[in-house]
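Novice: Residue numbers (the numbering used here), protein chains in the order written: chain C, 1 to 265; chain D, 1001 to 1265.
The set of hints was computed from the structure by calculation and includes no laboratory data. A quick note: this is a predicted structure, and the numbers were derived from the prediction, not measured. Hints may be right or wrong, so weigh each one.
Here chain D is said to cover these stretches of chain C; the calculated rule only asks that three of the stretch's residues, wherever they fall, bring their Cβ under 8 Å from a Cβ of chain D [what the hints assert, rightly or not]:
(1) 87-100
(2) 154-168
(3) 176-187
Residues from chain D that face chain C, not an exhaustive set, calculated with beta carbons under 10 Å [as the list claims (entries may be wrong)]:
(4) Trp1004
(5) Gly1071
(6) Pro1144
(7) Leu1158
(8) Asn1166
(9) Arg1168
(10) His1171
(11) Leu1174
(12) Pro1176
(13) Val1178
(14) Thr1184
(15) Arg1201
(16) Asp1203
Listed next, the stretches of chain D that the computed footprint assigns to chain C, with coverage defined by at least 3 CB atoms under 8 Å from CB atoms of chain C [said to hold, decoys possible]:
(17) 1056-1063
(18) 1185-1196
Note that CB positions come from ideal geometry on N, CA and C, so glycine has one too.
There are 2 protein chains.
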Amino acid sequence: MTNWTELDQNVRSWIKEAGERIRHSFQTELNIKTKSNRNDLVTDMDEATEHYFTENIRQTYPDHQILGEEGYGDELNELSGITWIIDPIDGTMNFVHQQRNFAISIGIYDGSVGQLGYIYDVVHDELYFASKGKGAYMNDTKLPTLKSVSIADAVIALNALWVTENNRIDHTILAPLVRDVRGTRSYGSAAMEMAYVAAGRLDSYLTMRLAPWDFAAGKILIEEVGGVVSDLKGETLNPLNKSSVFVGKPGLHETILTKYLKVKK
Amino acid sequence: MTNWTELDQNVRSWIKEAGERIRHSFQTELNIKTKSNRNDLVTDMDEATEHYFTENIRQTYPDHQILGEEGYGDELNELSGITWIIDPIDGTMNFVHQQRNFAISIGIYDGSVGQLGYIYDVVHDELYFASKGKGAYMNDTKLPTLKSVSIADAVIALNALWVTENNRIDHTILAPLVRDVRGTRSYGSAAMEMAYVAAGRLDSYLTMRLAPWDFAAGKILIEEVGGVVSDLKGETLNPLNKSSVFVGKPGLHETILTKYLKVKK
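One chain only, chain C, in its complex shape (with noise of 0.2 Å):
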């Protein structure tokens, strides 16, 4: 039997150390490298942070699987046991622009179930926390249960790229919406986002295409708040593969879904 509450101290102190060594990491030159394409940055701390967790959990938990963003994990073909689903560096492009508006995502998945999600804001040393069916947490804070809200009263997070011409959405789709909205934010970083959305900052969420490591935690903590979470279809997301992302407050998710998302072209 898994011991959760002990599980939980080890999360929360190793998030806090890792914390603690980006921070530090400020001083000294970043190493900054291209993966995919030339927007898909990663630096050193992204590794190092990676390769600290997969450590400590290996070691902790030999029996747990591990999906990781830089590699350092398992390959995966299912859920089954428990599974960690770690992005060490959600927004590395504000991490290297900014250094600030980025987060650690953790989520610790029981078979499919989403059981612990974690998004630690570093430098303003904001824990997102989330136990299912135990309520969520900014620090000590406890998040409120979201309420629905009207399109027009609503303040939703949505990059400009999926507003003009792009390979991933017929673009006219979203610009309704975002002309009907109060209005729009973008911060680069979806656990951040998703974060937002948990704590009622941002009443919804969309975007084209994310990685499990991107929304594991983030799923984990709307869910709890009673916020809806799905891909653009308004399909459930599976916690192994890429997808699309579409969050938000009760009601809202729907009428987005609805009157936006669904309407033929």
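Fit chain D to the known structure of chain C by using the hints.
Specialist: For chain D alone, coordinates are given in the frame of chain C:
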């Protein structure tokens, strides 16, 4: 003769006190009004904060002019003598929805020359400050002079609204820029976005219509670190007039202006 050192000390002490009052207000319910349209929110705190500044300024500097968003200042036709240009809460929508990502913005002009600029991120207790000819700072950290960057390596701030059909700009003008840059962001506070440009976290920021109190402080900050501040046509901003605003690193500003903004449609 104005004692600028003493004036600077006064501004800082008033900003800190106003920030304290705003943070304290988070514990009570906001009373939100709508100004000219449904998205132009104003709260008790906007008004109370501007009133607090204007009372202090009038008592200490009775011969100074004040231009403020909420109307406690003067009706001004020209910049003569010393003028305070104040936005008590820049990013009121963020203030209401997020209780973060808003700022107090104060620019102090001597004639038409910006002398002191202050942008205070209330929640994170970060004061961005510039004194003409004497450098710019975030709290005690000096901000380095901005260096140029290529379009492909640039992260710019731009609201998604400006690349969807809107009544301020042909939405196809900025779409190629969104595709060509490394990334776009949108934070919903012009003062914060200008502070980010001054701090080198964003390489450029473009928006269609700001009031003087939105850009008065940011202009001083950005120019002090070698950035370029203009409207979308590349013309100088007049701190008494509403205008589009386009700021950026040297070189990059020129490139965006000539390759994207001045292209005939």
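Novice: Each hint should be assessed against the structure and marked as holding or not.
Specialist: Going down the list of hints, with the structure as the test:
{"no.": "1", "hint": "87-100", "in the structure": "holds (count 5)"}
{"no.": "2", "hint": "154-168", "in the structure": "holds (count 10)"}
{"no.": "3", "hint": "176-187", "in the structure": "holds (count 8)"}
{"no.": "4", "hint": "Trp1004", "in the structure": "31 Å, violated"}
{"no.": "5", "hint": "Gly1071", "in the structure": "23 Å, violated"}
{"no.": "6", "hint": "Pro1144", "in the structure": "13 Å, violated"}
{"no.": "7", "hint": "Leu1158", "in the structure": "6 Å, holds"}
{"no.": "8", "hint": "Asn1166", "in the structure": "7 Å, holds"}
{"no.": "9", "hint": "Arg1168", "in the structure": "12 Å, violated"}
{"no.": "10", "hint": "His1171", "in the structure": "8 Å, holds"}
{"no.": "11", "hint": "Leu1174", "in the structure": "8 Å, holds"}
{"no.": "12", "hint": "Pro1176", "in the structure": "8 Å, holds"}
{"no.": "13", "hint": "Val1178", "in the structure": "5 Å, holds"}
{"no.": "14", "hint": "Thr1184", "in the structure": "5 Å, holds"}
{"no.": "15", "hint": "Arg1201", "in the structure": "4 Å, holds"}
{"no.": "16", "hint": "Asp1203", "in the structure": "8 Å, holds"}
{"no.": "17", "hint": "1056-1063", "in the structure": "violated (count 0)"}
{"no.": "18", "hint": "1185-1196", "in the structure": "holds (count 5)"}
Violation of the numbered hints given earlier is confined to hints 4, 5, 6, 9, 17; the remaining hints are satisfied by the structure.
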